[in-house]
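Could you put the whole structure together from the sequences, leaning on the hints where they help?
So the sequence lines, in the order shown, correspond to chains A and B. For what it's worth, the numbering used here labels the leading residue of the first sequence as 75, then goes sequentially. For what it's worth, the numbering used here labels the leading residue of the second sequence as 75, then goes sequentially.
Treat the hints with caution; some may be incorrect.
Intra- or inter-copy, both count: the list cannot distinguish identical chains.
What the hints assert, rightly or not - Straight line, CA to CA, 30 Å or less: simulated DSSO-like cross-link-like pairs of lysine-lysine:
| # | residue 1 | residue 2 |
| --- | --- | --- |
| 1 | Lys211 | Lys516 |
| 2 | Lys267 | Lys390 |
| 3 | Lys509 | Lys267 |
| 4 | Lys270 | Lys367 |
| 5 | Lys390 | Lys492 |
| 6 | Lys516 | Lys100 |
| 7 | Lys100 | Lys509 |
| 8 | Lys104 | Lys290 |
| 9 | Lys443 | Lys515 |
| 10 | Lys466 | Lys104 |
| 11 | Lys463 | Lys104 |
| 12 | Lys414 | Lys466 |
| 13 | Lys275 | Lys390 |
| 14 | Lys498 | Lys193 |
| 15 | Lys390 | Lys443 |
| 16 | Lys498 | Lys443 |
| 17 | Lys414 | Lys105 |
| 18 | Lys413 | Lys390 |
| 19 | Lys515 | Lys504 |
| 20 | Lys211 | Lys413 |
Worth flagging that the hints you see were computed from the coordinates, not collected in a lab.
2 protein chains.
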Amino acid sequence: MIIKPLPISGYYENMPEEQIIEDRFKEIIKKNYSLSGFTPLDTPVVERVDCLTAKWADDNEIYGIYRLNGDESSEAKLWLRFDLTVPFARYVAQNEWTLSFPFKRQHIARVYRWERPQKGRYREFYQADVDIVWNWKLSLFADVEVLSTIYNSLLELDFGAFEINMNNKKFLSGFLISLEITDIAWTISVIDKKDKVRRDKFAIMLEEIWVNEEQKNSIINFINISSEKSSEELFEYFSSNTNELLQEGLEELKYVYNNLLALWVQPDYLVFNPTISRGLNYYTGTVYETFIKGAENMWSISSGGRYENLASNFTKNSFPGVGWSIGLSRVIAVLRELKKIEFISKTVTEVLVLNMGDSTLKNNLELVKNLRNSNINTEIYLDESKVQKQLKYAYNKWIRFVIIAGESEHETNMLQLKDIITEKQIEINKEDIIKEIISLKK
Amino acid sequence: MIIKPLPISGYYENMPEEQIIEDRFKEIIKKNYSLSGFTPLDTPVVERVDCLTAKWADDNEIYGIYRLNGDESSEAKLWLRFDLTVPFARYVAQNEWTLSFPFKRQHIARVYRWERPQKGRYREFYQADVDIVWNWKLSLFADVEVLSTIYNSLLELDFGAFEINMNNKKFLSGFLISLEITDIAWTISVIDKKDKVRRDKFAIMLEEIWVNEEQKNSIINFINISSEKSSEELFEYFSSNTNELLQEGLEELKYVYNNLLALWVQPDYLVFNPTISRGLNYYTGTVYETFIKGAENMWSISSGGRYENLASNFTKNSFPGVGWSIGLSRVIAVLRELKKIEFISKTVTEVLVLNMGDSTLKNNLELVKNLRNSNINTEIYLDESKVQKQLKYAYNKWIRFVIIAGESEHETNMLQLKDIITEKQIEINKEDIIKEIISLKK
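Put into structure tokens, the structure is as follows:
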């Protein structure tokens, strides 16, 4: 019986040309994370169910696993991770006496969430996380390190301008306290929705949480000012507020902002945005959201922040940290929507050596070997099909260079090198061909 | 409430120093697979349950997934892949009209099997697969390509000598037919167990499958000869056998063997072993098993073979192929058993710049930036702790180079560079420090 294979809802699957892009993105991110000294970890895709608490997520989003035909009563109940933060917190707590701190780790891997599938929202997707944790205390400078790492990674992905929005939970809470608002968390969660609803609807939402007329107007004014003034103007504007918590947050923001601009980040790429808050309640200091320019109304592609007590479910000891995530699958989804991404080559192969039959096979394999030894991805065609068919293979997959070397070419040591991008074909000495390909690649 | 985190039976989890080795192995394999033009794929970790049939595996080994608190009646039933071959067959069939053939792919990823955990046998482990498929026909040369790729990958892992054992299903079947044995598959499965049982037990097992005395002695003689004679002697020895299927298999073996020795493989690393068969019944031609020298009695670390009809569950069309897998987690497990692997550095960081306080922070960050721009993984210590504490951090994690640059060093442009392997500390001009580190690294 033949079973027609079907895609699985919410699980994306790349064609080779798409996989090449995703892998390139992954490698760039990994390289930048490593350059900044974040060492890789790779925890199991499953965690024990008892490590999951309401603090973390909506149970309805979680997948469990079971043995298809097994008796699982004696086995630990396991679930698929829905982020890389919970496994990291568990790992740090589990190994708190063997790890040396400060501990900087990266983790680029898939996570699983049951959600109604929609454009750019998947049930299986890649995240690329970095975190710094230290036992008991962590300098504010850690924010600078993490942020510059994320910035360098996104910049090298080379998709155009983006904007990192930064804020601080202390600043935002302090501001609301200075308005004498009592339910801070609830008010923050309403402010978080400001871009998702119309203006009049937003005012009604504020009224519904029992802020008075004056408080409501102050909040609306706060939101307007935040979008009108530059980062420097905002630092200045809020410097006269006398709330201590607000000032503590403001100092932290200025420290991170100034250190980043001094050395790492171009000014257009970083803004102080007093209204962002991030949904997750474990952040306690600076928080960040990142948008691709021209797609601010789409999803955030990268976000993070500082937390004081990530592992408190697992240990009595305190592990303050700064963590960030680049939504790798999401970045690609956004760029795809914006048509900013081109999928061209269907293989990693750079050079195809045509197969001209057994009489030249050994010579051509020698050539293949030398090309591979020079770090050039090389294939030889797998049989002696007609030259036209072999060339068509290179065009179909967009293999840039084709080497044609039959008996007469090997006799004279002059080989044919075809560049399928420029459509130029040159005759070249066997000794020079690798150098020539390397120089054309540049 | 604090939940003490516990390991999960059968799921291994690396410490940073172990992860560095696993990642290095993964990168070497990926690089070699790419050099040979195997383009990466990365299918979802789940497949539909209806894509699973008895042809593939024991249901008891399979994990399914479900929504923790959900109503899943409307959802597709999904299982975690137990190998990378079934997903590949499904992928090829699903995309048979858009892929261009021959299609060479690599896939390095985790697979899941419920098994009784024991040393080196995990429920979650990495495999690194390559396959070449072509619609309708595939030249024997494909075996040479796949095998040389695997050979190069294993060689570059640099763990010492290994031995690729090659055989051919046609040869083995032909030999048993020439003995007038009727139940070929059953006899092969008994021969497959020869190293797992004592000699006298093996003879009894042969008797139990109704081979007669003469056949039994021929098989035992066959096994003895196989281990006594060299590959060339065996080719010679069997050349007089008149069974056509045997001769077809023998010709295939000689073709692959000779082409590999001509260019790619050192003679000690490849042997014709007439008795290996591989358990999986979808192999139809050459089959391979690889052992680390000195650990032949432990597990095979890499195996593969040729199949005629991998995707027959999913399409009427025929996709002959050659596939191989390196058991990445297993290689590491074997090397660990053999104590051939050393876990030293606990971070990817190569250089630690000491943090000498705010007055030199900008200068030191400039240095960090230049080091990273030169592709050197660099950290600056996260606060102004005492120099001794910062140095201890470098020793703990085995960060090789430490740069010490306080105010006076920056004034004179002469920085301190400490190499914690040689224990040498030198004074060096700021301009030359990157060049010096690069040259010391070599």
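For each hint, the structure was consulted:
1. In this homomeric assembly, lysine 211 and lysine 516 never come within 30 Å of each other (Cα to Cα): the closest approach is 47 Å inside a single copy and 37 Å across copies.
2. With identical chains, the CA atoms of lysine 267 and lysine 390 are never at most 30 Å apart, being 34 Å at best within one copy and 53 Å at best between copies.
3. In this assembly of identical chains, the alpha carbons of lysine 509 and lysine 267 never lie at most 30 Å apart, being 58 Å within a copy and 52 Å across copies at closest.
4. In this homomeric assembly, lysine 270 and lysine 367 come within 30 Å of each other (Cα to Cα) only inside a single copy, at 18 Å, whereas the closest approach across copies is 64 Å.
5. In this assembly of identical chains, the alpha carbons of lysine 390 and lysine 492 never lie at most 30 Å apart, being 66 Å within a copy and 38 Å across copies at closest.
6. For a Cα distance limit of 30 Å, the shortest separation of lysine 516 from lysine 100 qualifies both inside one copy, at 22 Å, and across copies, at 27 Å.
7. With identical chains, the CA atoms of lysine 100 and lysine 509 are at most 30 Å apart both within one copy (29 Å) and between copies (29 Å).
8. When the C-alpha separation of lysine 104 and lysine 290 is checked against a cutoff of 30 Å, the pair qualifies neither within a copy, at 45 Å, nor between copies, at 58 Å.
9. Taking the shortest alpha-carbon separations for lysine 443 and lysine 515, both the intra-copy value of 19 Å and the inter-copy value of 28 Å come in at or below 30 Å.
10. Proximity of lysine 466 to lysine 104 under the C-alpha cut-off of 30 Å is restricted to the inter-copy arrangement: shortest distance 27 Å between copies versus 35 Å within a copy.
11. For the identical chains of this complex, lysine 463 and lysine 104 are inter-copy neighbours only, at 29 Å across copies versus 39 Å inside a copy, given an alpha-carbon limit of 30 Å.
12. In this assembly of identical chains, lysine 414 and lysine 466 lie within 30 Å of each other by CA distance solely inside one copy; the values are 28 Å within and 47 Å between copies.
13. In this assembly of identical chains, lysine 275 and lysine 390 lie within 30 Å of each other by CA distance neither inside one copy nor across copies; the values are 43 Å within and 58 Å between.
14. For a Cα distance limit of 30 Å, the shortest separation of lysine 498 from lysine 193 qualifies neither inside one copy, at 42 Å, nor across copies, at 57 Å.
15. Taking CA atoms no more than 30 Å apart as the test, lysine 390 paired with lysine 443 passes in neither setting, with 58 Å inside one copy and 37 Å between copies.
16. Taking CA atoms no more than 30 Å apart as the test, lysine 498 paired with lysine 443 passes inside one copy only; the shortest distance there is 24 Å, against 41 Å between copies.
17. Taking identical chains as interchangeable, the C-alpha atoms of lysine 414 and lysine 105 lie at most 30 Å apart whether they share a chain (23 Å) or sit on different chains (28 Å).
18. For the homomeric pair lysine 413 and lysine 390, neither the shortest alpha-carbon distance inside one copy (49 Å) nor that between copies (37 Å) is at most 30 Å.
19. Taking the shortest Cα distances, lysine 515 and lysine 504 sit within 30 Å of each other inside one copy (18 Å), while across copies they are farther apart (34 Å).
20. Taking the shortest Cα distances, lysine 211 and lysine 413 never come within 30 Å of each other, neither inside one copy (44 Å) nor across copies (38 Å).
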